[in-house]
Amino acid sequence: MSVSLNGNIKEGLFHWHGLHYRELFQPLYARLLWQSFEFSFVTTLTCVLLGYPVALALATMPKRWKPICLMLLLIPFWSSSLVRIYALLTLLKAKGLINGALLYLGIIKMPLPLLYTKVAVIIGQVYTLLPFMILPIYVLLDEYDSSWIEAAKDLGASSTQLFWRIFWPYSLPAVGSGVMCVFLPAMTLFYIPSLLGDRSSLMLGNVIQEQIMNQDNWPGGAATSLLLTAALLVFTLVYRALFHKKRGGRLG
Amino acid sequence: MQQSIITCRDLVWQPKKTAFSLQAIDLDIYVGEFLTLLGPSGCGKTSLLRLLGGLIEPASGDLLLRGKRINGLDAAHRPINMVFQNYALFPFMSVADNVGFALRCQGIRGEAYHQRISEILEKVHLTGFEKRYPSELSGGQQQRVAIARALINKPSVLLLDEPMSALDKQIKRSLRRELKSLQKELGITFVMVTHDQEEALSMSDRIVLMREGRIVQIDTPRGMYESPKTLYAAQFIGEANIFRLPVKSVHDKSLIVTLCDRTFLIKKPLKHEEITTHVNLIIRPEDFQAWDSSEIESDKLYLPGRVESVIYKGSTVELQVILSDGTPVSVTEFFDETDETLDYRCGESVHLSWQAGWEVVLNDDS
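Each protein sequence line maps, in turn, to chains A and B.
First residue of the first sequence? That's 0 in numbering that gives the first Met the number 0, and the numbers climb one at a time after it.
First residue of the second sequence? That's 0 in numbering that gives the first Met the number 0, and the numbers climb one at a time after it.
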């Protein structure tokens, strides 16, 4: 990645482009990196808040409903993610379903500007990535031992304590995996900001796309990709430090 | 009269959707005793334990703790704690965190918190294991963590649901002794569920034998073994030879039955009006003695038979004998001073006798 393929044969097939790395130190890139981080953070947090209750409900519901609900969760994701983002367009646009319904119910007088905003980008990212949060948490929670609940209640735990002292710490490693599965793609998804966002909601992924696809600036794109990769590596290391503390395995 | 800590009066439990139920449970659990609920799977012993613990609620009847009605009181508010089958330890918590769980739920923190944990860990001989995780412990150690966790609130009664079922056969024996001595040391009432009659006999002060949701008999281990009240009890606890015999005649203090064409006079433990056409004669294998023809003068008082199989077990020899009328009988002979050479061969003819009065006479189970 530090070496890029250049179209100019005279310069040789491979060439070092130190200039492009120097460009990365411009404040613009720092701002874009920070903005990508902000978007991804909000997306991930929303996914935790929405996904955890869904995973808990899935794990604790009667056995015969589980396959049906899991299917309902997964069926939309059999279609292309790009197609689903276009479907969101029809929901969010000024004369779309959401605004139409709100206008019809008289909750708003004017259509809300939903599309081409930061909120639309967040909605798109959450919608695309939510299953990656739900599934790891569900898989772990599904294996909880129902006798833990009885033991906890026998020892005097209230329902709130049952959640915060048993379910939450038990599922924390899965939440960690979910965070990784959502945060990392959220940092790099470029088609959601370009379809649902405006110029102010650009992320590093969009810059890479712009550099490579439109400006034919492959070395620049490569350099920006490396910046993104380095940022993700730092994030992964922080995650490892937080979640890979020594903890007991499961009972055999 | 011993003081009861828990009393069940006509307790009924009727779960939805299943035919199973607990019926007419009358039981007094005494202060400081080791009580065992014994029975085959599906007899309701675990359900009864869960009723005591407050994990399920009775449909009717009274559940009293020191004379106070505790029906409807949830598990958290009963001074009764439970050691679950397979222990239900929280695998993501250290030993200390598991044991201190109940304290944290009450908001106990700081010095008092750690003090209580180390006190209780010392009692179950697990000092130094605070930071370990359940997966790093042996089955026996996990059991003690579960006991410590249940004891941290100083309950009046400890309930144990099949505490030995998750353990290897070899360590079961030593852990039985350990659990029994822990109970004596703590002076807390233990109520244990088991399906293992040997476990029940060796650990309990009293055994509650259950069958199909009802209590069949409540007795000491010795009472249960030596004077079973039903054929079910006789068969479930220990091995028993049961002979269903027609009654020839009934006398004032005895009755006469025939077995292998021989007449036997049996002291009459049943009331006169209880005696019908048949009685069941129960003789434990170890109460039989096997003689060879040279050892007896007349075979009139002996049951003639043929040795079918011989199993040598070190301190005992177990014989399978087929009586002359075709009935198979188990006989256990001990090596002792009177008979040092227990030498039996298959196919050999033997004559069986039993110590008069050691037999148990019962009617058919209703």
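Keep in mind that the hints were calculated from the coordinates and are not lab data.
All values derive from a computational prediction rather than experimental measurement.
Glycine included, C-beta positions come from ideal geometry on N, C-alpha and C.
Accuracy of the hints is not assured; some may be wrong.
[Claimed, not checked] Below, a sample of chain A positions facing chain B; criterion: calculated Cβ distance under 7 angstroms: (1) P66; (2) W147; (3) E149; (4) D153; (5) T159; (6) Q160; (7) A173; (8) G175; (9) L236; (10) Y238; (11) R239; (12) A240.
[Unchecked claim] Only pairs whose alpha carbons sit at most 30 angstroms apart, straight line, appear in this in silico DSSO-like list of lysine-lysine: (13) B/K312 to B/K168; (14) B/K67 to B/K15; (15) B/K179 to B/K122; (16) B/K16 to A/K62; (17) B/K266 to A/K62; (18) A/K65 to B/K16; (19) B/K67 to B/K168; (20) B/K153 to B/K67; (21) A/K65 to B/K15; (22) B/K299 to B/K266; (23) B/K266 to B/K312.
[To be verified] A few chain A residues that don't get close to chain B, going by computed Cβ distances all over 10 angstroms: (24) C68; (25) M70; (26) A156; (27) L194.
Going through the hints against the structure:
Taken as an interface hint, A/P66 does not check out: its beta carbon lies about 22 angstroms from the nearest beta carbon of chain B, beyond 7 angstroms. Residue-level restraint check for A/W147 holds (minimum Cβ-Cβ distance to chain B is 6 angstroms; threshold 7 angstroms). Hint status for A/E149: holds, given a least beta-carbon distance of 6 angstroms to chain B, under 7 angstroms. A distance limit of 7 angstroms between C-beta atoms decides the matter here; for A/D153 the minimum to chain B is near 5 angstroms, and the interface restraint holds.
Using the Cβ-Cβ criterion of 7 angstroms, the hint placing A/T159 at the interface with chain B is not satisfied: the shortest such distance is roughly 10 angstroms. Given the 7 angstroms rule on beta carbons, the hint for A/Q160 holds: about 5 angstroms separates it from the nearest Cβ of chain B. Interface hint status for A/A173: violated, as the beta-carbon distance to the closest one in chain B is roughly 11 angstroms, over 7 angstroms. Using the Cβ-Cβ criterion of 7 angstroms, the hint placing A/G175 at the interface with chain B is not satisfied: the shortest such distance is roughly 13 angstroms.
Checking A/L236 against chain B: minimum C-beta separation of about 23 angstroms lies over 7 angstroms; hint violated. Restraint check, A/Y238 versus chain B: the minimum CB separation of about 18 angstroms is more than 7 angstroms; hint violated. Because the beta carbon of A/R239 sits about 18 angstroms from the nearest beta carbon in chain B, more than 7 angstroms, this interface hint is broken. A cut of 7 angstroms between beta carbons decides the hint on A/A240: the least distance to chain B is about 19 angstroms, and the hint is violated.
Between the alpha carbons of B/K312 and B/K168 the distance comes to roughly 18 angstroms, so the proposed pair stays at or under 30 angstroms and holds. Of the pairs offered as hints, the one joining B/K67 and B/K15 holds, with about 28 angstroms between alpha carbons and a cut-off of 30 angstroms not exceeded. Under the criterion of a C-alpha separation no larger than 30 angstroms, the hint pairing B/K179 with B/K122 is consistent with the structure, at around 13 angstroms. Of the supplied pair hints, the one linking B/K16 and A/K62 holds, its CA atoms being roughly 16 angstroms apart against a limit of 30 angstroms.
For the suggested pair B/K266 and A/K62, the alpha carbons sit about 60 angstroms apart, so the restraint of at most 30 angstroms is broken. Of the supplied pair hints, the one linking A/K65 and B/K16 holds, its CA atoms being roughly 21 angstroms apart against a limit of 30 angstroms. At most 30 angstroms may separate the alpha-carbon atoms for a hinted pair to count; B/K67 and B/K168 exceed this at roughly 41 angstroms. A distance of roughly 19 angstroms separates the Cα atoms of B/K153 and B/K67; the hinted pair therefore holds under the 30 angstroms criterion.
Straight-line distance between C-alpha atoms of A/K65 and B/K15 comes to about 22 angstroms, which keeps the hinted pair within the 30 angstroms bound. For the hint pairing B/K299 with B/K266, the CA-to-CA distance comes to about 19 angstroms; that is within 30 angstroms, so the pair holds. A C-alpha spacing of about 33 angstroms is found between B/K266 and B/K312, which places the hinted pair above 30 angstroms, so the restraint is violated. Every C-beta of chain B lies more than 10 angstroms from that of A/C68, the closest at about 23 angstroms, which supports listing it as non-interface.
Once the 10 angstroms rule is applied to beta carbons, A/M70 is consistent with being away from chain B; the minimum gap is 27 angstroms. A beta-carbon of chain B is positioned within 10 angstroms of the beta-carbon of A/A156; the least distance is around 5 angstroms. Against the 10 angstroms criterion, A/L194 stays outside the reach of chain B, whose nearest CB is about 41 angstroms from its own CB.
Checked against the numbered hints listed earlier, the structure breaks hints 1, 5, 7, 8, 9, 10, 11, 12, 17, 19, 23 and 26; every other hint is satisfied.
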